[in-house]
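Asker: If you want the building blocks of each chain, they are given just below.
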Amino acid sequence: MSVLDPAATAIRLFDAERNLHFFPIRHHSPACALHLREALRAIRPAAVLIEGPVDFEPLIGELLAPGVVPPVAMVALPDSEAREKGRGGTTYYPICRHSPEYVAIQQATELGATVRFIDLPSRHPSMLSDDRDRQDQPLLPMRETMFDRGAYVEAMCARAGFRDGLALWDGLFESRARNTDWRGFFASVGAYCSALRAASDENELQADGTLARETMMRACIDNAIAARSGPIAVVTGGFHTPALIDAKPETPPPAGAATRSNAWLIRYDFRALDRLNGYGAGLPLPGFYERVWERLTGTNDANSSLTEEILVGFRAHLIANEPALAFAFPTLRSMVEAARRLAELRGLSEPGRTELFDALRSSAIKEEIEVGAHPLLAAFTTYLQGDRLGDLPPGSRLPPLVERARGEAKSLGLSLEDAVPKTRELDIYRKPRHGQTSRFLHAMRLVAPPFAQRNKGPDRVHGFRADMLMETWTYAWSPAVEASLIERAADGETVRDAAATILIRRLADLEKEGQRNNAEAAFNLLSVAFDAGIGSAADTLVAAVGVAVDEDTNLARLTNALVIGQALNSRARMMQSDTSIRAFSSLLPPLLDRLARRIAELLYDLAAVNADNVGEAIGCLAALAEAMADPDPPFPTEPLRDALQHLMTVQLDPQLTGAVIALAALIGLIEEAEAGRRLSAALAGAFERPGDAVRTLSGVMALAPQLFVNESSVIAAIDGLFGAVDDQGFLALLPQLRMAFAELSPQETDRVAAAVAAAHGAGEDDIAILQQVPDARVLSEHLALGERLRSQWLQDGLAAWLEPSP
Amino acid sequence: MEQRNALQLRPSAEIRFADELAALKAADQGRRPPGWALSARAVRSFILGDSKLSVRRKFYGDDALVERALVALMSEQGLMLVGEPGTAKSMLSELLAAAISGSSMLVVQGSTGVTEDHVRYGWNYALLIAEGPTPRALVPSPVMEAMRLGRVVRIEELTRCPPEIQDVLISVLSEKVMAVPELGESASVYAAPGFSVIGTANLRDRGVHEMSSALKRRFNFETVTPLTDPALETELIRQEVDKRLGQADIAVNFPDEVTDLLVTTFQDLRRGQTKDQVPLSKPSAVMSTAEAVNIAHAAALEAAFLGNGDVGGGHIGRQLHGVIVKDNAEDVKKVRAYVDHIVKERARRSKVWSDFLGAVKAMKDES
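Protein chains in written order, with my numbering: chain A, 354 to 1159; chain B, 241 to 607.
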């Protein structure tokens, strides 16, 4: 642990002899920003060195361009290599109007000073997180978690009576924003930061790259001194300042300092900014601190105080948006009073963030608060977070992906003017342009999910029905869309390329999760690629899907895959005008050929299926029936037919027997009459459990209820079955029968009823329809009870009672 | 007065901490709100401690809560302290009254039996019959006394008072005046500066009277929560137990490990999960710090009078039972599960925990 003397640091911040001035700051601190502006005006530096990644330097000019409205962010995108190494996060350097760095850049430019960034390049290994769990989190060159925790902060809080590091910072420094003594202010910040620094663990600083970065900063300072033409101001996070003041004899920049990166200036918003603060990016609640900044700089010279402005504004916001939470006017008055008195009690010149929250809490909440969570407090946090959106002038340089996405959306006639969600209906098969739009939206759904949502359209869940010709979409262009695109910008220059990269990554993820042999998942990805019109990725995908097909041993997944593949093929036939779709339709048949042969191989194993896992097997056959219903199937049916033929000759679980017969009839392997005969035979089968024969029926119903309805011989067979069992036998069959008949539609039930009635010589009028079917359990209980009564009466010699009354 | 206090089981706060209050008063530089005995900052120091003046910290937990409470009392609002039983609400209200008004004796003990006499005024009937309604015959309530003297009046368990009694407070808090029509049309008691009301309530208890929103509006609410910081709780328990034992001249050996066990058990059961995020079912019994102090105290007494003066896990285990079965039988099962799964594991590595386990198990078999 290096020990730095706070008092000494405070003195050496401003070294008149070396004409070198250090300004320790905290990110997004209005107090630091204001004092820094005054200080720069007084010192009139020739060069201002700022803690920012050196590769962001070219963005300084863009940042100052007219039309730039913070919040904006400088971002650096990972390259593909970085992604592969698990260092895939995007680097963010957010800037708002009250950021000291931004104010310093503006002031320096006004004074004609050169502005340099002196931190390591954003993609330097020392700037990246080594933590694999964090790899998709944003990376922040300006992390300053040390202000929030640690032994020193805790001890200071306890001594000075602040609840946490943030309140401590507010109380010690933000409250001094109006003090005109910038030297005194920075001396205090410097002393505080030195103590923070002294209490931190050197090994940790080595590990997280802090020391390497400081070496870079010192090297840059040395360079600036060598090239000096006047005073130099060094603006860095206060935590680094103590390590920069003492020039070390040799400070060569660390290796890799010249790394270039893919850096951009983008629009940002306060909500996103506040989310970053979860990772230690500076003061939170940008909406609050921006208001503070407006007051400090006189851009807001309202008559009311900041406290009044915020609380009155919050009340108006609640009345307009969340009336249930709104509080009465007298409460507002007592809140303002409470905030002032709290500030006084805590020795502050005016109420700050903490006092506002405390005032709200004590005056407006008239009930017990559970563990600090109350909707009103949450609403206040959101209110103070602010919702300002940054802006860039038209024609700003943006990552190509963003430009291309905007361009393509516009050329397809999508409206991007505002963030209001709009609905679009697409006739995907008949109108080529609608088809293109659909594919673009599907691709955007992969690349920038906030952009579009599909409300309706053909898919696996709703079936790829032929009548599903239209898709309905809701879409809106918002900063969140832009942010998503920027995060994906390294994946490709066009939406389609980026989508392809994402799909291929998902495929790799499948492999990582041990799902390499999951044919269904692979076909699902293929289906997504198809929807998004990604012809370029098709080769890679198809190869991977082929592997999955060959290695998958799960019949259910394979048959589902076949359904998806068949649907893709038939949809492709309807959209031959598109080149990407044509690419698919040439790749699909060989794949489906392999798939069908694989399924046929596995079908033989169904002979081993027993009552416990018959459900899944039935599902497979149903899926097969779905795929083979295609009059011109894109896969060879011969191997499948052979397998079925074999299955019909072996002893199967009764339910499976039914399903196999149904499937065979469906695909024309046997005549319907033949199917009826086979079923009748199966139904008459002798099993140790009486219900087993009826399970054959369930198998048929699951696949082809029409077979049962159309084929009178089957109905006759069942009717015969009923005739053969006594009432107790019927009760035992009842559950199985109910299960089997549940598959029928009401019309089909009617037809069966009519057929049965006719067989017994009754007309349609004689059918009594039981409108309200009682609960199955109750029904069988009552039947059983009736049966018990009957036998009791017989025993008691009351057989006469059972005769129908004349 | 002094004489009588020496015999009191528990002297009031202003007497117990007379030295500290005097020291604070002597050093107090701040502006005093009208009618207050000390500045708000001095009151804060009295409650949260000030090492320079050797003022001991008396309230552990949320410092900002104390500050908000002070601000409420400086304003025209009353202060309502809510929270589970045993979270030191009453103690906090006593300390506030003692420091602000120099007296914590003006108190109404809320209950269903509270009548208007307790919050407005009553009469000395002998005098009333002899002289008619005269100021001499009037018996003021603590509330009226507080108004007259400009002091803080405490109303404990406000929600246990019948609604009509609660309603009396509405006009007292908003008009700051109490009319005495029996003494003439214009006879009223006006509140002197410094008058305020501190109520305490347990909003979750069954069978309490709902507060009207009119009354709620006149109070600032503060939720007092159980201590979540084990270190703070440990410190508080040690202090309290040492004080109680010291008063009775009892010396025991109370190892840190035993206090740790007590605090850990309480924190686990209170939060429904252990430090290592192992979930457990939370008993409904109140597991407050005050209860923990009681257990520690009782364990120490057992060790002193029935044992060799060494407090161990067994003593805590035997006392824990009393806290748990106070409320319901479900709790006993929950604690049993806690003991069977979590304590057993700890008992393997520690003598204190295994004594604790043994004692709780022995209890179980009896019940």
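Please keep in mind that the hints were generated in silico from the structure rather than gathered at the bench. Note that the coordinates shown come from a computational prediction; the quantities given were computed from them, not determined experimentally. C-beta: ideal position from N, C-alpha, C; glycine also. A couple of the hints might just be wrong.
[Said to hold, decoys possible] Computed list of lysine-lysine pairs in DSS-like fashion (alpha-carbon distance at most 25 Å, straight line):
| id | chain 1 | residue 1 | chain 2 | residue 2 |
| --- | --- | --- | --- | --- |
| 1 | B | K584 | A | K719 |
| 2 | B | K416 | A | K719 |
| 3 | B | K574 | B | K515 |
| 4 | B | K456 | B | K416 |
| 5 | B | K573 | B | K584 |
| 6 | A | K775 | A | K763 |
[Unchecked claim] Now the stretches of chain B that chain A is said to cover, found in silico as 3 or more residues with beta-carbon under 8 Å:
| id | stretch |
| --- | --- |
| 7 | 304-318 |
| 8 | 454-463 |
Asker: Each of the hints needs a verdict: does it hold here or not?
Answerer: Hint check:
1. B:K584 / A:K719: Not OK: K584 of chain B and K719 of chain A at ~43 Å, beyond 25 Å, violated.
2. B:K416 / A:K719: holds (21 Å)
3. B:K574 / B:K515: holds (18 Å)
4. B:K456 / B:K416: holds (16 Å)
5. B:K573 / B:K584: holds (15 Å)
6. A:K775 / A:K763: holds (14 Å)
7. 304-318: holds (count 11)
8. 454-463: holds (count 7)
In the structure shown, a violation is registered for the earlier hint numbered 1 alone.
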